[in-house]
Every structure is written in structure tokens, then in C-alpha cells.
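Undergrad: Spelled out, the chains give:
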Amino acid sequence: MHWLAKPATERSTQIFIGVLTAALVAVCLLNLLLPAGHPLHVSTYTVTLLGKYLCYALLAVAVDLVWGYLGILSLGHGAFFALGGYAMGMYLMRQIGDRGVYGHPVLPDFMVFLDWESLPWYWHGFDMAWFAFLMVLLVPGLLALVFGFLAFRSRVTGVYLSIITQALTFALMLAFFRNEMGFGGNNGLTDFKELLTFDLSADSTRLGLFVASGLALGLGYWLCRAIVSSKLGRVCVASRDAEARTRFLGYRVERVQLFVFVVSAMLAGVAGALYVPQVGIINPSVFSPLFSIEIVVWVALGGRATLYGAVIGAILVNYAKTVFTGVMPDAWLFALGGLFVIATVVLPQGLAGLLAKRKRGKPTASAKGVKEATA
Amino acid sequence: MTILQSLANRDRVFDFLIPDPSPVDVRHGPILYLEDVSVSFDGFKAINDLNLTIDDGELRCIIGPNGAGKTTMMDIITGKTRPDHGQVWFGSRHNLLTMNEPEIATLGIGRKFQKPTVFEALSVFENLELAMSADKRVMPTLVARLSGEARDRIDEVLEMIGLQTERDRAAGILSHGQKQWLEIGMLLMQRPRLLLVDEPVAGMTEQEMERTGELLTSLAGKQSVVVVEHDMGFVRSIARKVTVLHQGSVLAEGSMDQVSSDPRVVEVYLGEES
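Same order as they appear, the protein sequences are chains A and B. FYI, in the UniProt record's numbering the residues of the first sequence are 1 to 375. FYI, in the UniProt record's numbering the residues of the second sequence are 1 to 274.
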């Protein structure tokens with residue numbers, strides 16, 4: 001069977017795709033067919049909020065791919081998410097054209113404000129959608145390629161790798177805060193008008209972006225499942241548990257790690273690109289180490305090395321965050337920390353582990369990870 | 001034609017891309033040949049003018065007291081340690097001293113370490129699948145499909161190591177002995193010509209030892225097997241020919257009865273035990 005078709009035969013993937021499709025269709029119907037006052041009506045505000053959760057879920061899947069299956073704990077995946085978001089943001093800025101506050105035909109508002117004469121070289125091409133969308137994949141992918149090449153070739157793994165990924169995203173945050181970088185400094189990029197000629201404030205565009213996020217999540221999940229259920233996926237698990245032994249069998253572990261890391265970074269980039277038009281802004285705070293750590297908490301809470309656990313974790317934690325920050329904004333970080341402690345102590349396998357315990361099947365790839373966590 | 005054109009020419013296969021077609025040449029008998037090999041660490045001579053010949057298809061046991069240089073000898077054969085001088089040949093064509101560890105492994109020398117390391121999260125079948133000789137680069141591994149032939153090969157090895165019933169169970173829940181057999185099976189998947197087995201029965205029960213002995217004797221003939229072992233009872237039960245190492249060189253060689261009646265051997269090794 002072709003490696004890309006393999007997930008179709010898996011029970012978990014069938015259920016996941018089924019639930020996701022049903023949820024997308026239900027939200028669309030409830031939004032479009034029911035009148036605004038109806039108790040079951042899903043408002044456009046909620047649709048956008050759900051769209052944001054779906055982007056986070058895709059990001060969590062990307063993190064779970066490298067953490068759960070390769071054992072590489074990246075504390076800097078927010079950087080790839082942000083870079084994808086910035087690529088999309090630059091396209092959206094160029095789409096504003098002369099409708100900005102200063103009405104300059106080419107330069108975005110913040111450049112006019114900084115008295116810049118012309119567009120920096122790296123802003124060229126972003127007026128073309130295909131180019132910008134390509135950059136959404138290429139920029140995070142290239143960064144992951146260079147970074148991963150250096151790190152994995154020197155066999156930097158474990159906690160050291162976590163620390164340098166953290167440093168990477170922190171360095172990028174500081175760089176993007178600078179006005180001279182040409183990415184809008186700490187205000188970031190915002191005030192977007194339209195995407196591919198669709199008005200971003202229109203309800204239909206927001207619903208469309210929500211569906212696009214759902215499709216991206218479905219496809220990304222499928223791709224990750226295809227990778228982890230291939231022979232390469234088994235090599236990943238093997239190198240996670242006994243790296244030296246895997247090398248001894250003749251596998252170039254650092255190349256396997258690099259490949260999966262780049263795929264993961266690209267998925268994070270796509271998630272970021274879909275996130276930006278829905279929230280309407282991208283600024284350096286997305287690069288903050290705290291955000292990257294939060295992603296890891298989603299995955300840990302949902303359950304490592306299952307992929308669907310990451311999705312559950314991302315959606316639940318972010319829903320809780322939305323509720324919490326509405327009721328008790330100050331207490332959210334304590335609640336997040338509490339959740340993480342509970343996840344580690346009570347649910348070492350996360351919520352997905354609870355599901356798996358119900359139907360005690362054959363041992364899964366995550367069995368080893370659990371042993372480590374409980375030891 | 002410019003250099004670029006010649007590079008773009010797909011018909012040409014560069015010399016370094018052509019796999020070495022020469023199989024291991026054993027027409028002259030020995031598959032492994034060590035001559036005057038010496039190695040010292042910080043002045044301590046771990047191996048001292050060692051001469052050793054293993055015939056094709058032979059099962060050889062190597063015994064010797066601690067520090068006799070058994071593990072160092074294995075390290076030299078597998079390319080982990082470079083000797084100070086001497087020669088190491090695999091068949092009569094391959095000079096192992098010019099090759100690195102992966103090259104030696106692909107050439108057909110498999111080594112089983114003392115402590116079994118299997119991939120605990122993967123099933124027994126998957127462990128063998130990963131060990132199978134195949135194109136191990138990233139993309140070919142991603143698109144790899146298990147051919148019927150490969151499946152047969154895995155089942156064949158499963159039968160040899162007696163783990164058919166454990167086929168789909170996670171390797172992590174196997175007993176110590178079963179893990180050792182699985183590890184031997186993983187070596188067999190690579191169709192080695194020569195197997196180096198380091199203390200295969202350490203920590204095994206009597207029954208497991210017996211089965212390990214049967215497994216190793218059944219392998220001999222098809223491939224050459226070198227067993228390093230402390231357990232004299234086990235060596236006596238499987239060995240046809242025994243080499244006794246002492247202070248880095250061969251002290252005695254012959255059948256178990258011959259060496260165990262050799263007064264020098266009794267003095268340095270067997271004598272210690274009694």
C-alpha cells in the first residue's frame with residue numbers, strides 16, 4: 001500500500017477525520033442556517049475563535065510529531081508558527097495597497113511612519129499570493145533545516161536541544177521587536193483588509209478561513225499519521241528509545257531527525273499563516289518562549305505520541321484559557337501550571353491515555369514514554 | 001563536453017556509487033584472519049601478537065580470564081579499535097583495517113553486545129523489520145513497503161529464534177532470554193557471514209541456556225559464529241573448537257577436552273575456578 005494511503009486503514013484516523021468533518025459541517029450549518037437569536041446559533045465570533053483553536057491544534061500536532069515520535073522536545077516551535085504567520089502577514093500588508101492610514105501606494109503604514117523611502121528587499125514578491133504562500137512553507141522549513149542540520153549533526157539532543165530551541169525563539173523575538181528589522185517592531189503587522197480579494201471582515205470569509213483551518217488540520221494530521229505509520233515512523237520511535245542502536249543498524253539518525261523536524265516546522269508555519277488572518281494581527285509576542293512552552297503543555301495534557309491527543313489538548317486548554325481569562329484573567333497562568341502538574345502526576349499518558357485505557361488494546365508506540373514518565 | 005554536462009549525464013555512474021561487487025572470498029578457507037595483532041592502552045598491552053583464524057561456517061568459542069583481551073579483540077574486528085600493528089582480513093579480499101564500523105557491518109560482520117538492546121516500544125516483528133538489510137536512507141525508508149519476500153524472511157528468522165508466538169507483542173515485555181534471541185535475530189536479518197556473540201547466556205536460566213546453545217549450533221554452517229563466553233558449562237555443551245586467550249594472545253586451541261587437559265590452561269584459567 002502507498003505510504004500516504006495507509007492512514008485510511010487506521011481506526012483512529014478514521015474516527016478523527018470523521019469527528020473533524022462532522023464538527024466542521026455542524027458549525028457551518030449552525031452558523032448559516034439558524035437565525036442570529038436562536039440558542040443553537042454559532043456566531044461568527046465563535047467561528048473565528050474555533051478557527052483559531054484549529055490552528056493551535058495543527059501546531060500541537062506538529063510539536064507532537066517531533067516530541068512524541070522522535071523524542072525531540074522543541075521549546076521553540078512558536079518560532080516556526082510565527083514565521084509562517086509573518087509571511088502571511090506581509091502578504092496581507094501588501095494587499096492593503098493605498099488604503100492605509102497614510103495612503104502610500106506601496107509602503108505599509110509603519111514604514112511610512114519610520115520615514116522609509118522604499119520597500120526593503122525582503123518585502124518584494126509578497127504582493128503575489130503564490131509567492132507568499134510558498135514562503136509560508138519555505139521560511140520555517142529553511143530555518144528548521146539549517147538549525148536542525150547543525151544541531152543533529154553535532155548530536156545535540158535531549159535537554160540541550162530544548163534549551164537552544166528556546167534560545168532560538170527568544171533571539172527571534174528580540175530581533176522582531178526592533179523597528180529596523182522592517183517587520184513593524186513591537187506592533188507587528190495588522191490592519192489587514194483582504195485575503196485573495198475576500199474582505200477579511202466579512203462573515204463568509206471568516207467561515208471560509210475556519211473551514212480552511214479545519215482542512216489544514218485534517219491534511220496535516222493525515223500526513224503525520226502517514227509518516228509515523230511508515231517504516232520511517234518506526235525508525236523514529238527506535239531512535240527515540242535507543243539512538244545508538246538505531247545508528248548501529250545503519251540508519252542515519254540525524255537525517256531522519258532533520259527530515260521530520262523540517263516537516264514539523266512547515267506544518268507549524270501553515271498553522272501560523274491560517275492563524276494570522278483570523279486574529280487580524282501578528283506581533284513578536286508569538287515568538288515569546290512562554291507561548292512555545294504552552295504548546296508543549298497542550299501536547300502533554302492531551303497525550304504524547306498519539307497525534308489526536310495533541311489536538312484534544314490544544315482545543316481543551318485554549319477553550320479553558322478563553323473561559324478563564326474572561327472570568328479571572330490573573331489566575332490563568334496558575335491554572336495552566338496546575339494543569340501541567342496534574343497531567344504529569346495523574347495522567348502521564350495525557351487524556352489520550354485515558355481513552356486508550358478504556359479499550360486496553362495492544363501496546364502502542366507511546367508505551368515506552370509512559371514508562372519513563374512514571375519511573 | 002564541459003564538466004557540468006558530464007555531471008548532468010545520467011548514464012554515467014560514478015565509481016564510488018557502484019557497490020563493491022566482490023563478495024567475501026573464502027575460497028582459501030578462513031573467513032577471518034588475524035595476524036600479529038597488537039594494541040596497547042596507556043602502555044598496557046591488551047592484545048599481544050594475537051594470531052587467530054576462523055574457518056567459514058565454523059562455530060568457535062573463545063574463553064579466557066578477565067582482561068584476556070576478548071572484548072578488545074571484538075572491537076578490533078568490528079573497527080571500533082585500531083590495532084597498533086598487525087593484519088586483520090575478512091576472507092582473503094577485505095582488509096578490515098582500512099574500513100570503518102558501518103562498512104564492516106554492511107560487509108557482513110554482525111556483533112551482539114552483552115546487554116541486549118531491542119526497541120522496546122516496537123513489536124518483535126517490527127524490530128526484525130528495521131534490522132533487515134535494505135536501503136536505509138530517509139526517503140526510501142519513508143516509502144518502503146514490506147514485500148512478501150521480506151515478510152517470509154522475517155518469519156523464517158522468527159522461527160529460527162523461536163519467537164513466532166511473540167511476533168506482534170512489544171519487545172519491551174519479553175523476558176531477558178527472549179530479548180537476547182531477538183537481538184540475535186536482528187543480526188541474522190542482515191544476513192551476516194560472521195556473527196560475533198559476546199556472552200550470550202549471561203543471566204539466563206538453564207532452559208534458556210539450552211535453547212541458546214541449540215540456536216547457535218544451528219546457525220553454524222550457514223554462517224560463522226564466534227562466541228565469547230565465561231560459562232564453561234555452556235561452552236562445553238556447544239563448542240567444537242575452543243580458543244583460550246591469555247594476556248592478549250592465544251594460549252591454547254583445540255577441542256574442549258584438549259584445552260581443558262592442557263596444563264597451561266589449567267594453570268591460568270581452569271585452575272582459578274576449582
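Treat each hint with caution, since some may be false.
Okay, derived cross-link-like pairs now, SDA-like style, lysine to any residue, Cα gap no bigger than 25 angstroms in a straight line [said to hold, decoys possible]:
1) A:K6 x B:K115
2) A:K6 x B:D135
3) B:K80 x A:S154
4) B:K115 x A:R252
5) B:K80 x A:K6
6) B:K80 x A:A22
7) A:K6 x B:G148
8) B:K115 x A:F248
9) A:K6 x B:P140
10) A:K6 x A:A22
11) A:K6 x B:D155
The hints are simulated quantities; they were obtained by calculation from the structure and are not laboratory data. Keep in mind that this is a model prediction, so the values were computed, not measured.
Undergrad: So, for every hint listed, does it hold in this structure?
TA: Here's how the hints hold up against the structure:
1. Distance restraint check for A:K6 and B:K115: the Cα-Cα separation of roughly 35 angstroms exceeds the 25 angstroms cut-off, and the hinted pair is therefore not satisfied.
2. With a C-alpha separation of about 21 angstroms, the suggested pair A:K6 and B:D135 falls inside the 25 angstroms cut-off, and the hint holds.
3. Pair hint B:K80 plus A:S154 holds up; C-alpha atoms about 20 angstroms apart against a cutoff of 25 angstroms.
4. Pair hint B:K115 plus A:R252 holds up; C-alpha atoms about 23 angstroms apart against a cutoff of 25 angstroms.
5. Only pairs whose Cα atoms come within 25 angstroms are accepted, and B:K80 paired with A:K6 is rejected, the gap being roughly 40 angstroms.
6. Between B:K80 and A:A22, the direct Cα distance comes to roughly 57 angstroms. Violation of the 25 angstroms bound is thereby established for this hinted pair.
7. Between the alpha carbons of A:K6 and B:G148 the distance comes to roughly 17 angstroms, so the proposed pair stays at or under 25 angstroms and holds.
8. Straight-line distance between C-alpha atoms of B:K115 and A:F248 comes to about 14 angstroms, which keeps the hinted pair within the 25 angstroms bound.
9. For the proposed pair A:K6 and B:P140, the alpha carbon gap of about 16 angstroms is at most 25 angstroms, so the pair holds.
10. Among the hinted pairs, A:K6 with A:A22 is consistent with the structure: their alpha-carbon atoms are about 22 angstroms apart, no more than 25 angstroms.
11. Proposed proximity of A:K6 and B:D155 is supported: the alpha carbons are some 23 angstroms apart, at most 25 angstroms.
Hint violations for this structure: numbers 1, 5, 6, all remaining hints satisfied.
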